[in-house]
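Just so you know, the sequences run in chain order D and H.
Residue numbers for the first sequence follow UniProt numbering, so the first one is 1 and each next one is one higher.
Residue numbers for the second sequence follow UniProt numbering, so the first one is 1 and each next one is one higher.
These are calculated hints, taken from the structure and not from any lab test.
Note that the coordinates shown come from a computational prediction; the quantities given were computed from them, not determined experimentally.
Virtual Cβ for every residue (Gly too), placed ideally from N, Cα, C.
Among the hints, erroneous ones may be present.
[Unchecked claim] Some chain H residues well away from chain D (every beta-carbon gap over 10 Å; in silico):
hint, residue
1, 40
2, 41
3, 46
4, 54
5, 208
6, 211
[Unchecked claim] Partner residues aside, some chain H positions facing chain D, computed with beta carbon under 10 Å:
hint, residue
7, 10
8, 14
9, 15
10, 16
11, 26
12, 29
13, 32
14, 84
15, 113
16, 142
17, 197
18, 254
19, 257
[Said to hold, decoys possible] Computed beta-carbon distance windows for the label pairs:
hint, chain 1, residue 1, chain 2, residue 2, range
20, H, 9, D, 158, 21 to 29 Å
21, D, 54, H, 91, 21 to 29 Å
22, H, 94, D, 68, 27 to 35 Å
23, D, 31, H, 100, 14 to 22 Å
24, H, 50, D, 171, 27 to 35 Å
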Amino acid sequence: MAVTSATRAVVAGPSGRRRRSPVAGYSWSSLLYVAPALLFFAVFVIYPICISVQTSFYEYDGLTLATPVGAANYVAVFTDPSLREALLHSLVLLVFYAALPVLIGLVLAGALSRIRIYGLTFFRAALFIPQVLSSVVVAVAWRGLLAADGPVNDTLRAVGLGSVATSWLGDFDTALPAVGAIGTWVQYGLCMVLFLGGIVGIDRSLYEAARLDGAGAVREFRAITLPALRPQISIALILCITFALRNFDIIWNTTRGGPGTSTAVPSVYIYQDAFQNRALGQASALAVVLTLLILVIVGLVQLALRERSEIRPRSLRRSGGLR
Amino acid sequence: MKVSRTETTLTHALLVVAAIIAVYPLISIVLSALRGGDGSIGLGSFELAWERGGFGTALLSSAFISITVVVVTVAVVSLAGFALATMRVPGGRLMLPILLLGLVLPYEVTVLPLYQLMTDWGLLDTWWALILPQIGLSVPLGVFWMRSFFASVPGELLEAARIDGAGRFETFRLVLLPVAGPAIATLATILFLFTWNEFLLALVLVPQDPLVQTAPLALSFFAGAGRTIDPSVTAAAAVIVAAPIVIAYVILQRRLISGLTEGAVK
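Please model the complete structure; the sequences and the hints are all you need to start from.
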């Protein structure tokens, strides 16, 4: 009996579901299928989050008894000068890790939408390389490139800009933008690949029509390319913003937050507070704030770029199935 | 398309520059590793890095951890995705938004309690300290992936199975799994890449024992301790750690890129 009703649910599919009463059609044995995945998720993701939230209201060194301190750890996140500085650095990095890559991607995508691209597969593969490399490899490579005697400075000297040359990651003034530039490098290829995927799906006749109407490159971009890329822009922003705010690996493996605290970001303090200063309550509060920040910004991006049903480019309808 | 030849050429030039910039740092470490400290060209730096850094065991650790995570994750998320796509799961409407949160979650918020948990279980500095959490953290992506695949399978296929008298698990095993091959392969590639490259979890959960450290972690320690080491040896170590992924990428890039971009947009 259970099997028959379940199979009926299978055949009926999503549209058939709504017609039955909400309780009668439940297939309790389906929980067996879901259970293993949910168990892993609950034990290793949900439970740790709950513990982090709980710990954030205590002062705790990981060894002795924890003392409840109310919201003091959260107050510290927003009043402690070094933590506020770290949040500020995160906002600066948002420009480098999210705004710049998306802008570069859009400009190039706009140019590429106007022509027939030769060797697309090859270019896509090359542009995507920074995404597959381990962040530690990326950090080691860029430490070499940006070193005092590295290729970047060599190039600057060669073109007569030797006075600008510096130890980019070791200088108080340049370390944050230098770390930011690495992030731009990691992400712009991803944005371009996403946008290229969107462009391929745009109906070419739209461009023909626009040109017959006498539209120039800029109007073409604003009227056709940009609206059609809305879902890709939204996902690119979400991926880049999450990457920017989570950013631990690249900073840890290039500057460790230094020199001084000039590249310190929340995730560096979370690690240091937890495993070096043994201030677990403070680290947890910072981690919770970081999580909420990411959720809020991702939510805002989705809201801002939400798709309006009346403008629905063809590319979207086609991206329904997997390859 | 009526676009001038000049524009076509210029735009391609722009694309070439963008591609060169994307690849150049990788090329630079290969060149720097080959050049060697004394200016001679050879593989000496690679030998030194391999000997001193213990990258043989690190690569094996990474491979074992990543493969285990992929196999277990694919198994559990296929079952869950199948159920969520084709059955009325009690609480199913609640599960999806919670899993969605898991997709954007920073690992920073889970890593501290995980450290405590693994210490309590006596698993710190073992492969399992990385494998178990990485499965949990891979579940959201995997469930969404497989659910959307199973939801896209034509209903006629399932009906045919029902008419032939197949039970639910038989339908899953004999009808759906065989057609899910490509979707599973892409998911496995993505999960493998994420697991292989994960750094923060490795730094926190297997910090002490060089025998279980992953390749990126071993590289981080090697490069961090190496201010006195010849930069070409550090570069060689980075090439050693990057090589398996880059080789796999060259073979699988089509599947990986289309999977990641299309999956993401969905």
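Comparing the hints with the structure gives:
1. 40: 18 Å, holds
2. 41: About 17 Å separates residue 41 (chain H) from the closest Cβ of chain D, which puts it past 10 Å; holds.
3. 46: 14 Å, holds
4. 54: At roughly 15 Å from the nearest Cβ of chain D, residue 54 (chain H) sits farther out than 10 Å, so the non-interface label holds.
5. 208: 12 Å, holds
6. 211: 19 Å, holds
7. 10: 8 Å, holds
8. 14: Since chain D brings a Cβ to about 6 Å from residue 14 (chain H), closer than 10 Å, the hint holds.
9. 15: Cβ of residue 15 (chain H) sits 6 Å from chain D, so the hint holds.
10. 16: Holds, because the Cβ-Cβ distance from residue 16 (chain H) to chain D comes to roughly 8 Å (cut-off 10 Å).
11. 26: 6 Å, holds
12. 29: Nearest chain D Cβ about 5 Å off; hint holds.
13. 32: Nearest chain D Cβ about 6 Å off; hint holds.
14. 84: 7 Å, holds
15. 113: 4 Å, holds
16. 142: Holds - the Cβ of residue 142 (chain H) comes within 10 Å of chain D, reaching about 7 Å at its closest.
17. 197: Nearest chain D Cβ about 4 Å off; hint holds.
18. 254: 7 Å, holds
19. 257: Interface hint status for residue 257 (chain H): holds (5 Å vs cutoff 10 Å).
20. H:9 with D:158: 21 to 29 Å: 26 Å, holds
21. D:54 with H:91: 21 to 29 Å: 24 Å, holds
22. H:94 with D:68: 27 to 35 Å: At roughly 31 Å between Cβ atoms, residue 68 (chain D) and residue 94 (chain H) fall inside 27 to 35 Å, so the hint holds.
23. D:31 with H:100: 14 to 22 Å: 20 Å, holds
24. H:50 with D:171: 27 to 35 Å: 34 Å, holds
Violated hints for the displayed structure: none, as all numbered hints are satisfied.
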